[in-house]
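Engineer: One line per chain: the protein sequences are D and F, in this order. Numbers in the working numbering are just positions in the first sequence, counted from 1, shifted up by 110. Numbers in the working numbering are just positions in the second sequence, counted from 1, shifted up by 11.
Be a bit skeptical, because a hint or two may be false.
A few chain F positions that, by computed beta-carbon distances, are all more than 12 Å from chain D [said to hold, decoys possible]:
#, residue
1, Phe23
2, Ala115
3, Leu179
4, Leu333
5, Pro339
6, Leu348
7, Ile356
8, Gly359
9, Leu389
10, Leu480
11, Thr492
Examples of chain F residues lying across from chain D (beta carbon under 8 Å, computed) [unchecked claim]:
#, residue
12, Gln30
13, Thr40
14, Arg422
15, Arg467
16, Ser470
17, His482
Computed footprint of chain F on chain D, listed as stretches where at least three residues anywhere in the stretch have a Cβ under 8 Å from a Cβ of chain F [said to hold, decoys possible]:
#, segment
18, 234-248
19, 397-411
Read the hints as simulated data drawn from the structure, not as lab findings. Heads up, the beta-carbon is just placed ideally off N, CA and C, and yes, glycines get one too.
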Amino acid sequence: MRKLPRLIATCLLALAPITISYAEIEQFKIMAPANPGGGWDTIARTLGDALKANGQAKNVVVENKAGAGGTIGMAQFINNEKGNPNALLVAGAITVGAIETSKSPVNFSMVAPIARLMGEYDVVVVPEDSPYKTLTELMDAVKKDPGSVSFGGGSAGGVDHIIAGLMAEKVGVEGSKVNYIPFAGGGEGKAAILGGQVTAYLSGYGELADLITAKKVRALGVSSDKKIDGVDIPTMKEQGVDVVMANWRAVFGAPDITDEQKAALTKLVEEAVKSKTWQDKAKASQWTDMMMTGDDFKKFLEEEQKVTAETLKKLKIGG
Amino acid sequence: MDGLHDLFTVGFATALTYQNLLWALIGCTLGTAIGVLPGVGPAVTVALLLPVTQSIDPTGALIMLAGVYYGAMFGGSTTSILLNTPGEAGSIVSALEGNKMAKAGRGGPALSTAAIGSFVAGTIATLLLTLLAPIIANLTLKLGPVEMFALMVLTFAAVSAVLGNSPLKGVISLLIGLAIGLIGIEQQSGQARFTFGFAPLLDGIDIVVIAMGLFAIGETLYTATYENHLKAGVESLAGRFWMNKEEWKRSWKPWLRGTAIGFPFGTIPAGGTEMPTFLSYSAERKLAPPEVKEEFGKGAIEGVAGPEAANNAAVTGTLIPLLTLGIPTSATAAIMLAAFQQYNIAPGPLLFDTNPELVWGLIASLYIGNVMLLVLNLPLVGLWVQLLKVPRPLLYGGIVVLATMGAYALRQNWFDLLLLYIVGLMGFLMRRYEFPVVPLVVGLIVGPMAEKFFRRAMSINQGDLTVFLKHPVSLILLLITLAILIVPPLLKRRQALLKVS
């Protein structure tokens, strides 16, 4: 019955088009540079639903354009939406790495940073029967013989790989010595850690939460600054492995939009994120709120690009 | 027999409500329709339906999505067989013999054996899922990259039968496939290979584009060039709809063998549906009596019955790791996982305890869905076969349009269209100079997987090649491979010697 109020609203709109001063955008576009169903697509669609539910936009078109870590969709967004104040691109930590490794012709300087929305911290797990009870024990083994400890995780050069590299660097082992086994898609990777094919495995906490609760794997540390709310896993930092990094996701505006338009987009996104639609989804999907806008976000983005580029060089990925 | 008890007390009670039956029917119908359209696979469909299902209760939604998944596999063979346009990787093999049958006026029996084979395989696989899910799931976890690589070696040896009459041409075709498989970002190192700095190539080349280019476009070009003036006029290829007694007799064993090959592959992480279909095809070809062997390549019903059963059994198999461990082993399963998460339900070790109505309702609906799909698809066979009555120029024109749409639907990228036609031209030339195209497809599918597992095994075991002999499962697989390669030539020689003496 949610449709009824909207129906009434639409009728009113039709009756008195001139008196309505509420700025409802006719057509809003969101580019999800991935196939339907993935993380970026979920964000794009949830954001779109929130904009519609709030009455901020009448129609929201989510465009899917998968490929090359999101850089193909990004390139299309840059080419097609130049100067369009009603368009957003979803991107994130993965894109930062993909731009580096794929020598992409497009990069973040060509779009307008609007807001970092949410993210997920990584968790390191080992099989339940693993001899390693703490992160310190695991990293000691890495120190002794890096090759003997295999780390599974997402694609090469992605957030999981970078975290694994940084962990090694923090205990004095060269990042490129880490025996990292990339898995495409979470399924194969999860099977590998459950079957004990790899020594340890890195992934977003949400993805492994169920296996951790069911005691199928043992969590050794999370990559957040402080403990995640309601999750009793020590951080890497408090165990002497000073790595804080998240798989964050953000939205960007089209090239060549004015500062006023940027401000309007920022406000639009801030309001959408407050909506029940977004909040419900965030809760259900265990997203960590990482809202950050304006200059803070710009600064964060620059720092993130620097760290990623340096780490990738150390890991000898791409380039 | 706990499984059976839960299935009947909880499962069917849930699945047999009017509402859930309706969702299953909608899912199956939708899935069949989608399966018929090339390029629009079940993964994308399930993904697009996710937001729609948000307002339905979780059990109903998942029953519907499972129906879509199943239905797409049933429907996928239709275009593959009738029009030579395999819309997804699992139905590539069905095009080999199926399309030849259709051209010989046996499209009806080909579609029927595909539908009934899918039903038989789906039902047996669901039964195995009911009884053995947790046991199987834990067993397959023991299969690591070492075992998987040995399995790839076995696959290569087993499908060598598809090389065709000229081993040289077959190997050239295989090597082209392997070379195409190298394009894109190498997973282990993150390095781009053979992309020439061109972004659309970074993710590699989709197997469906290659298959549709080689089969649909190549075939159309060939027919337009060489067969056009031979058979003038409208010629009805519709033929009979039903399978005759002999076709039933020739189908039931391949159905069972296909199920036995397909099901385990589905349960293995990274097993997929392509390999079991190819394995089933080569198994049928090898096991066929001499007079049937002749028929392979010209439309042998075994070559449709086996792979179709294998495909469906594998699809059901993927539900085992998904439900018991929360591990998706195919793109569609991954999106089903997202559907579970949408309702705050985490598939995995706890699911059977926390949501028994949902799991058993879903499993029960698989039995029902299978029957529904059979009832839905068999009468449709008659309708589909009418397609072949379309005059050939129009039919082939339509095939080109369908293939083009399908290739574009994959990524909405113009580059895939260009690729489709380049591959089509290549397929035409290969056909003209009598190079078999199947080895190319095999190379493209198995090559990259074999490389991935080899590199992974080497990385984990720090370059120790002897691991392949140290792991018992991999040792057994390699010994079987050796036997496949050595025994038949030896037997042949022995027979020759006996004849001489």
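Engineer: For each hint, tell me whether it holds in the structure or not.
Structural biologist: Consistency of the hints with the structure:
1. At roughly 27 Å from the closest C-beta of chain D, the C-beta of F:Phe23 stays outside 12 Å, upholding its exclusion from the interface.
2. Against the 12 Å criterion, F:Ala115 stays outside the reach of chain D, whose nearest CB is about 39 Å from its own CB.
3. Annotated as non-interface, F:Leu179 keeps its C-beta farther than 12 Å from every C-beta of chain D; the closest such distance is 35 Å.
4. Annotated as non-interface, F:Leu333 brings its C-beta within 12 Å of a C-beta of chain D; the closest such distance is 8 Å.
5. Chain D draws F:Pro339 into its interface by the beta-carbon criterion, the shortest separation being 4 Å against a cut-off of 12 Å.
6. For F:Leu348, the requirement that its beta carbon stay farther than 12 Å from each beta carbon of chain D is not met, with the minimum near 8 Å.
7. Residue-level check failed: F:Ile356 sits 10 Å from the nearest beta carbon of chain D, not beyond 12 Å.
8. Look at F:Gly359: its CB is around 4 Å from the nearest CB on chain D, not clear of 12 Å, so calling it non-interface is violated.
9. F:Leu389, annotated as away from the interface, keeps every beta carbon of chain D farther than 12 Å; the closest lies near 32 Å.
10. A cut-off of 12 Å between C-beta atoms confirms that F:Leu480 is not in contact with chain D; the least separation is 18 Å.
11. The Cβ of F:Thr492 sits about 22 Å from the closest Cβ of chain D, beyond the 12 Å cut-off, so the non-interface label holds.
12. Checking F:Gln30 against chain D by beta carbon gives a least distance of about 19 Å; that is not within 8 Å, so the hint is violated.
13. Interface hint at F:Thr40: violated, since its Cβ lies 21 Å from the closest Cβ of chain D, which is beyond the 8 Å cut-off.
14. The beta carbon of F:Arg422 comes within 6 Å of a beta carbon in chain D, closer than 8 Å, and the hint placing it at the interface holds.
15. With a cut of 8 Å, the hint placing F:Arg467 at the interface with chain D holds, because the nearest CB-to-CB distance is about 6 Å.
16. Taken as an interface hint, F:Ser470 checks out: its beta carbon lies about 6 Å from the nearest beta carbon of chain D, inside 8 Å.
17. Taking 8 Å as the C-beta cut-off, the interface hint given for F:His482 is violated, the closest approach to chain D being about 11 Å.
18. With 0 residues having a beta carbon nearer than 8 Å to a beta carbon of chain F, the segment 234-248 of chain D misses the requirement of three or more and the stated coverage is violated.
19. Only residues whose beta carbon comes within less than 8 Å of a beta carbon in chain F count, and the segment 397-411 of chain D has 0; fewer than three means the coverage is violated.
Hints 4, 5, 6, 7, 8, 12, 13, 17, 18, 19 from the earlier list are contradicted by this structure; the remaining hints agree with it.
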